[in-house]
Amino acid sequence: MASRQHSSSNRTAFWQDPDKRAIVYQVISLGIVLMVGYYLFSNTMANLERQNIATGFKFLDNESAFEIGESMISYSAADTYGRALLVGVLNTLKVSFIGIIITVILGTIIGIARLSSNWLVSRLAAIYIEVLQDIPVLLQLFFWYALFYQFFPSPRQALKPLPGVFISNRGLVFAVPAHHPVHSYMLLMALAAVVGSYFLRRWARKRQEETGKYFPVWRVSLLLVIVLPLIAWIAGGAPTAMNIPVLRGFNFVGGLNISPEFTALLMGLVLYTAAFVAEIVRAGIQSVSHGQTEAAMAIGLKPGQILNLVILPQALRVIIPPLTSQMLNLTKNSSLAVAIGFPDFVSVANTTINQTGQAIEGIALIMAVYLIFSLTTSVFMNWYNKKSKLVER
Amino acid sequence: MAVYDITEDYQDLKPPVINTGVIGWLRNNLFNTWYNSLLTLLFLYLLWMVVPPFIRWALIDSHWASTSAECHQSGGACWSIIHANIRFIIFGFYPPAEQWRPLTAMIILFALLMVSRNRKWWSRYLIFTWIAGLVVMGWLMKGGIFGLTAIDSSQWGGLPLTLTLSVFGLAAAYPLGVILALGRQSKLPVIRSLTIIYIEMIRGVPLISLLFMSAIIFPLFLPEGVTINKIIRAQAAIIMFTAAYVAEVVRGGLQAMPKGQYEAADSIGLNYVQTMRLIILPQALKIVIPPTVSILISAFKDTSLVVIIALYDLLKTTQSTLSNPKWMGFSTEAYLFVALIYFICCYFMSTWSRKLEKELSTDR
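In order, the protein sequences belong to chains A and B.
Mapping of the first sequence onto the working numbering: position 50 corresponds to residue 50, and the numbering continues sequentially without gaps.
So the working numbering is basically just the index in the second sequence, starting at one, shifted up by 393.
Simulated from the structure, these hints should not be mistaken for laboratory data.
It is possible that some hints are incorrect.
Said to hold, decoys possible - Under the rule of at most 30 Å between Cα atoms (straight-line distance), these lysine-lysine pairs were calculated in the DSSO-like manner:
id, chain 1, residue 1, chain 2, residue 2
1, B, K652, B, K535
2, B, K623, A, K386
3, A, K387, B, K580
4, A, K20, B, K652
5, B, K679, B, K623
6, A, K302, A, K213
7, B, K513, A, K386
8, B, K580, A, K20
9, B, K679, B, K580
10, B, K719, B, K513
11, B, K652, A, K387
12, B, K580, B, K652
Claimed, not checked - Stretch by stretch, here's where chain A covers chain B in the computed footprint (C-beta under 8 Å, at least three residues):
id, stretch
13, 433 to 439
14, 466 to 478
15, 552 to 560
16, 576 to 585
17, 607 to 618
Said to hold, decoys possible - Here are some, though not all, of the chain B residues that point toward chain A, as calculated from beta-carbon distances under 7 Å:
id, residue
18, N422
19, L423
20, F486
21, V598
22, I601
23, C739
24, F741
We treat Cβ as the ideally placed atom computed from N, Cα and C, and that holds for glycine.
Chain A on its own, in the form it takes in the complex (with noise of 0.2 Å):
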């Protein structure tokens, strides 16, 4: 109060006064900002008024007159391109989802083997780490792709490592159980288990914490997924016709046939976030001080407990963070599929620009898809980091 009193007393000049000046840095700095833009957007309409290209994204209800290689849903020529980058946006989502899983696994043991005490095994994972992480990820794409149409022969000389799996270049093609009614019942059997298994893992911990006894939920709900789905398995009548893959010209028909550009992608990918994954376990399982080992050890508990309920939740700490941001770079490399001709969203979606020239809107709907795909991971970073923050005394 003697403060504000006091400089409005001597009248300070208002450039003078902190507050003053804030409000004028920010008007000024919004002014460019808005300037600028304005002066993009309005040189923006007068080229494209220019080119004669409409705005909007009435586009998209236009039938798209191309195809696309791969597809999640029923799509044809005849499609839209609403629906066309609908595809794109499935085919990212798919390769991205197998890839993470793939990813953490496979970086959690390479992870893991960079601790490893064989000195061969660790030698090996470090080179591995350093090799992968170094080399961009669109050369190996290229690598991958290459190596996939050089090495493998076609589909008439197709290698068969196993009864039903051909490899060639026109990718790998396997033998798939017959469609039949019964496999969407496994479905909803192996559903039902998984809720089945998430309750009674609730009702276990509940009843240990109020009578300390144990209950063997793993084993139980392994138990559970394996056997509910044979049950309707059995009681549909245990059907096993396969549908087997047959040359026929000079393609397969039949079986289920993964392309050689997924697969380079899916590869690709994975082998070089898994470097990065690798080092994010390492991290963490090395921020986790061996005393808290010992100290579980000394309160006896067993070598599985110790690993989830000592080890686990304060690893997972560490290692959660970045491996979300590593999985949203996986997902954002998956773009990188334009390159290898993979039907990905962005593929698509430059197909689109190329033939109906809306650009804008083209580029506009890449950000926004990429934009939510990191919104929605940050939502959730969000809640886990507030989930597992450290509860201190």
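Based on the hints, put chain B in the right spot on chain A.
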């Protein structure tokens, strides 16, 4: 029971022979438990399956300076593809008679990097040397004055282009990133939210979307008749992208500064610019040198993405060599060669960063 006279026949008891030397090392590091022994044997077998055939392919059965026809007949590696196309792979479409210029520029760059490796040399003069070096390199590449013929930047390619994009990319992105980081830590809400929007947006999208933007949309931003070279547009995209990542790293350094530093600066009457320039930034930037180097590494690797917008960087020149029917089918050799170049550069940077991290951590 005899009484020992320790002084008389005392002698060092040597440890058992199986615990020392090569055997001891093997026992301790490779065969200490049954599963480690199993793992060792398994991996030795795998190495035996992979390494000798690879050496045979790469070194023994290989061709180093033959024609492509000879290569197609043999089963070994065809390093001749590198030998025959090395100038194109390294320099792209730069006129062959003038290729000494980018070569000299690269030598200057590596000399500067070597000098900067040593922390004893870090001083104001080094910064001036760098600026002078960059100007000389630009002059060598571009020409046009002092008797060098002008080479349009659309003819730049190969390794010099890759290095230009990463060196200028980081040189420009670093100050921009510091400004963005200061903006994000600012007390002024408008400035803070503008920078947060920028940083989070750029970090949320893949670099390739920015490169597409630079290639397709950027020309639309300019008034009629004004065009900017494709390389410079890509360079701008790389700078925008890298700056956001630099900003996040620098923010980490700023947040690590204790509040007392700001209060001390206030109490001796420094204003904002002085506080930052003299007190906060020198300390904060020093802490974040190692993560900054890893940003440099990833920026260097990310320049390879300009392949997608058809700039002839190192990777693209290699690819177009491979599309020559004469050399088709030797992609493994060509890609291994390029991978080796990238690996050497990145490995050099990352070992240096680790060394630096050690030095800096003992300082404090």
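To see whether the hints hold, each was checked on the structure:
no.: 1; hint: K652/B <-> K535/B; result: 48 Å, violated
no.: 2; hint: K623/B <-> K386/A; result: 45 Å, violated
no.: 3; hint: K387/A <-> K580/B; result: 29 Å, holds
no.: 4; hint: K20/A <-> K652/B; result: 24 Å, holds
no.: 5; hint: K679/B <-> K623/B; result: 35 Å, violated
no.: 6; hint: K302/A <-> K213/A; result: 15 Å, holds
no.: 7; hint: K513/B <-> K386/A; result: 44 Å, violated
no.: 8; hint: K580/B <-> K20/A; result: 13 Å, holds
no.: 9; hint: K679/B <-> K580/B; result: 23 Å, holds
no.: 10; hint: K719/B <-> K513/B; result: 51 Å, violated
no.: 11; hint: K652/B <-> K387/A; result: 28 Å, holds
no.: 12; hint: K580/B <-> K652/B; result: 14 Å, holds
no.: 13; hint: 433 to 439; result: holds (count 3)
no.: 14; hint: 466 to 478; result: violated (count 0)
no.: 15; hint: 552 to 560; result: violated (count 0)
no.: 16; hint: 576 to 585; result: holds (count 5)
no.: 17; hint: 607 to 618; result: holds (count 8)
no.: 18; hint: N422; result: 4 Å, holds
no.: 19; hint: L423; result: 6 Å, holds
no.: 20; hint: F486; result: 21 Å, violated
no.: 21; hint: V598; result: 5 Å, holds
no.: 22; hint: I601; result: 5 Å, holds
no.: 23; hint: C739; result: 4 Å, holds
no.: 24; hint: F741; result: 10 Å, violated
In this structure, the earlier hints numbered 1, 2, 5, 7, 10, 14, 15, 20 and 24 are contradicted, and the remaining ones agree with it.
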